[in-house]
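Produce the entire structure from the sequences given, and follow the hints as far as they go.
Number of protein chains: 4
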Amino acid sequence: MLRFGIIGAGRIAHVHARSISQHPAATLIAITDPVAEAAKNLAEQYNADIATNADELFANPDIDAIIVCSPTPLHIEHIVGATRAGKAVLCEKPIAMESSALTPLDEGLEGYDARVMMGFNRRFDPNFARAYELVDKGEIGEVEQLTIISRDPAAPPKEYIAVSGGIFKDMTIHDFDMARFFLGDIKEVTAIGQNLDPELASTGDFDAAIIVLKNAAGKVATIINNRHCATGYDQRLEVSGPKGSIFADNVRETTVRLSREHFSDSLDPYLDFFLERYEAAYYRELDTFIRAVEETGDYTPSIADGIAALTIAEAAAESAKTGATVSL
Amino acid sequence: MLRFGIIGAGRIAHVHARSISQHPAATLIAITDPVAEAAKNLAEQYNADIATNADELFANPDIDAIIVCSPTPLHIEHIVGATRAGKAVLCEKPIAMESSALTPLDEGLEGYDARVMMGFNRRFDPNFARAYELVDKGEIGEVEQLTIISRDPAAPPKEYIAVSGGIFKDMTIHDFDMARFFLGDIKEVTAIGQNLDPELASTGDFDAAIIVLKNAAGKVATIINNRHCATGYDQRLEVSGPKGSIFADNVRETTVRLSREHFSDSLDPYLDFFLERYEAAYYRELDTFIRAVEETGDYTPSIADGIAALTIAEAAAESAKTGATVSL
Amino acid sequence: MLRFGIIGAGRIAHVHARSISQHPAATLIAITDPVAEAAKNLAEQYNADIATNADELFANPDIDAIIVCSPTPLHIEHIVGATRAGKAVLCEKPIAMESSALTPLDEGLEGYDARVMMGFNRRFDPNFARAYELVDKGEIGEVEQLTIISRDPAAPPKEYIAVSGGIFKDMTIHDFDMARFFLGDIKEVTAIGQNLDPELASTGDFDAAIIVLKNAAGKVATIINNRHCATGYDQRLEVSGPKGSIFADNVRETTVRLSREHFSDSLDPYLDFFLERYEAAYYRELDTFIRAVEETGDYTPSIADGIAALTIAEAAAESAKTGATVSL
Amino acid sequence: MLRFGIIGAGRIAHVHARSISQHPAATLIAITDPVAEAAKNLAEQYNADIATNADELFANPDIDAIIVCSPTPLHIEHIVGATRAGKAVLCEKPIAMESSALTPLDEGLEGYDARVMMGFNRRFDPNFARAYELVDKGEIGEVEQLTIISRDPAAPPKEYIAVSGGIFKDMTIHDFDMARFFLGDIKEVTAIGQNLDPELASTGDFDAAIIVLKNAAGKVATIINNRHCATGYDQRLEVSGPKGSIFADNVRETTVRLSREHFSDSLDPYLDFFLERYEAAYYRELDTFIRAVEETGDYTPSIADGIAALTIAEAAAESAKTGATVSL
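Protein chains in written order, with this note's numbering: chain R, 1 to 328; chain H, 1001 to 1328; chain P, 2001 to 2328; chain A, 3001 to 3328.
For the record, the hints were derived by calculation from the structure and aren't laboratory data. Bear in mind the structure is a predicted one, so any value in this text is a computation, not a measurement. No false leads were slipped in.
Each computed EDC-like pair below joins lysine to aspartate or glutamate, with the alpha-carbon atoms no more than 20 Å apart:
(1) R:K187 to R:E142
(2) R:K137 to P:E2253
(3) P:K2321 to P:D2170
(4) P:K2243 to H:D1197
(5) P:K2321 to H:E1188
(6) P:K2040 to P:D2055
(7) H:K1137 to P:E2261
(8) P:K2243 to R:E261
(9) P:K2243 to P:E2139
(10) P:K2158 to P:E2199
(11) H:K1321 to H:E1188
(12) A:K3243 to H:E1261
(13) A:K3321 to R:E188
(14) H:K1243 to P:E2199
Structural data, given as structure tokens:
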């Protein structure tokens, strides 16, 4: 039984608390959040203790592992603190707001046995994982072109966007990790930003983008992002190689098709939003983390994966600004 | 080059005239129809001569083959007449209104080399033909259960239904032939009729039906018929065996899918009606007939196939009336 | 919190125990099974007490509701016993082996407030339930034709089939209930049995069947059953009315499609078997039962529904034997 | 009846000759090709005269319209010659090898009534045309993102690639026109080239590419090209706007799906190659051209469209080389 503490009591903390409650080998001991009301809600719902702060969680001998759901600027501090206290860590993405802020991470972990996994949950989505598995089995030969379509059902509030770090770090970061999952290290980044919704123009951020990544072997991933999609949370990928292609389609609530006078075989809209779409992925992520701690010792996606995705995000922002491909 | 005469100038005659005009090895010489206006229209459109009557076509030495599109009660007379004149014959379904009316056929053809193919065009539909081909290759093992869904977009006029011979001879006859295509000779027929549209009740005919056919080996075909279907001409089949299943789906005008707020991947309605849906089938039927005359000598579906389908239709009518399975 | 006792510790008892463990308003108190080893396994896995027999469960004041997973011949005894003890009951299908055995049910429940729901779980399948919801909203008008395809991935052992009561009571009973769900009371039953697998011939039972049901308004349901299906557990239905059609397709593990040289868009096989396919249905069934007890008082599907399905099964057996439609 | 002459007797000339033979308002008078054998084959197959050279076609008073299927470097000469002779022109893409070679076109046409349509056949594909029609009807709102997947089944011979003008002018030129069809004039071009097949490396050309185009309103088109695709000729597009998305999928020979033990619903491979896939498009293109000549006077896609696509192709080549976005 792995005993968990959670830092943060927001939306994503609820997702992890639910996964823990459903996992036979996991139990939630305590949580902490500076917003007392949020902490109370989460603690009551999952029958957990409330800790005054993260340090109290780190000091708790009844806790084996920490899930970091704090605001991004605190991620490194919490990874380091938990590791130094001997806890395993599952940290939400991105690892930091800037790659220039990573120095304390190296320094903080030096000499310690870091058991840290990054929360790139989409690697654990049953659909994307199956696509990867088929690639891995050689069904299509070596990947030549990967296309990721990733559109949110609706943009978050302007206030959120303003502090989000920008679309590439906030939204595309998941797709950058997915590109690395299939293609490995990325050598060149080209990004084209769009401003589609006039309402969002004042945020100073793009609300849509096309990003092309190339690895050392010349294989590419094309990412198509949009902050909105009328039919729901549009999360697909396709990957092709010399021997075939694989498509991972959207997930729908049912298999029901409706045909009427002017159309046929109309399907349910896509599952909406990431809580529904990636519910299984979060659970499988937690399960993989628990097995890493208890059996395998394989904390993938790793800190290095988190840093790599952040670096790509920064390169994409630069490319979208300058109109030139950025080499890594 | 095979030179054709057509008896009849109705809707189905137009279909065959078009196929002939498109086929590089076929040419239309002359047509005949007691309705002068209809004959004139067809002849002008396809640049053909008008014959006074069927006998004039039979006597024409420039004609090699006759397509019989006359009313069903005249089919036997025209098959016999054309055969005795040395012409090959492609005859529309059904072969006759009653199996009791078949005696003149045997007598008429006795001593002649009958080269007669029945116009069960659906055997030549690229989709159903592919399904058959996959069965024939052993992809699913021996057929165990066949399901045919066959619904018209809308019922014909009541006046037509009244003289049609009933749903089983008029509509299901195609499905009976398709069942025989996949299962061979049928030994038992069970039919359940429905009266769905109150408008059609006065015709004294069913406007929908379920028919179950069983062959000597105990394999079954289930036919689901309806005189109307909101989404168009619903023409599908599925066939299963110990090793797998095959589905032949409806045909649509395009592959385009539309997704909006409340639905996703809505497709075009089904092609409407048999002229569109089975256009390729009619062409391939003609092509098969031409090759039968010029090369293969294989006039399948044969007169025997036409009679077998008619016999099943009569058994279905009896079963629907008595509520008992009819053995053949 | 509804407190449960379960009679029986077999496969289906495990399904219900899992649903209870996942439901926030349910708790499992105790179970009983004459096979000590089975009882012990289930009790340990879900941390429940073991009762000596069903009477001990009925007498337990800490139990509010009983789930009857005992062999079919004991269902009536257990429904009556639980009801007389004031417990609500969720009973597995079928309600009895013979409709002639129902007398003790009426007598046993007379004067008691029977709160009994039958476990026709498929009504709660998200796909079939959505199809029903669309029908109920009038999307296709009044149902005219329903087609249910229901094939198991592989036949059960011959020993099981021999005591199963026959395919209609054992397998089709679910489809009979589904037909009644969409069409209401059934007036005519026509069944055609098949013996496809020579291995199973010695059981004296059909291993495949086509059944056509008609309600008082002349609408029909066609059920296509087979004890085996190469691609998995084939569970579909389609329903059509004057305004459209609805299809509930099979469920697959992922949305991934694979395309290679000779084919495109190949999907995962169907989910296999009922534990996976109907996992959500069992959970929603339990949830509906809990709400019936605590809020709605609506125990649907009811005892009457259970009896109706059994009666249809007996009529189907008779029709398959005599080759004649049976009126109810 | 529009009377045609064709310059060139290669593969694409055969496509046009076939369309003419099937079109009720078109007739082929004469063709010309410096390769006598090729000219003879085409002329015999379609019962046309052979002209010594293009000028002879231009001088023929029995010819109303010229289809230019000559090598690209001769396109301008033939457009000018035919126009000066008073013929309408349907010219294959691209309009020229280099935009720097366009001067003779302007000079040559000055003072003449140019009735010239460019052969961007994909605008007339029933699937892409339907997608456009739905956009035009406002089904998805204003286009925000267009994605074109365009992969050939197999690369042409190295010798052809070497003189093809490069992938952007030879292959992507169709996709550039399709992007303009949906987005109008393009302002920015970003291209990333790939070398996937080592066999083709010596050609000095890319064998795959990702190209992102942006119009003045900031809407983008992403084109994904590859010289090979294992499953066939992969020709799809999807287009999304604020109110929905539209997908135009590949075309397959039949609708048949095969399910076996390890997979379900496997479809036919994509139609292979452009002769099959775009057969209907070529016919509809011809039909549009004939109506332009005889009724509408609307020669779209126009010479300006041909030049625009060529200009984008040159910008893409430059961007792929420099790694910088090129503004037009």
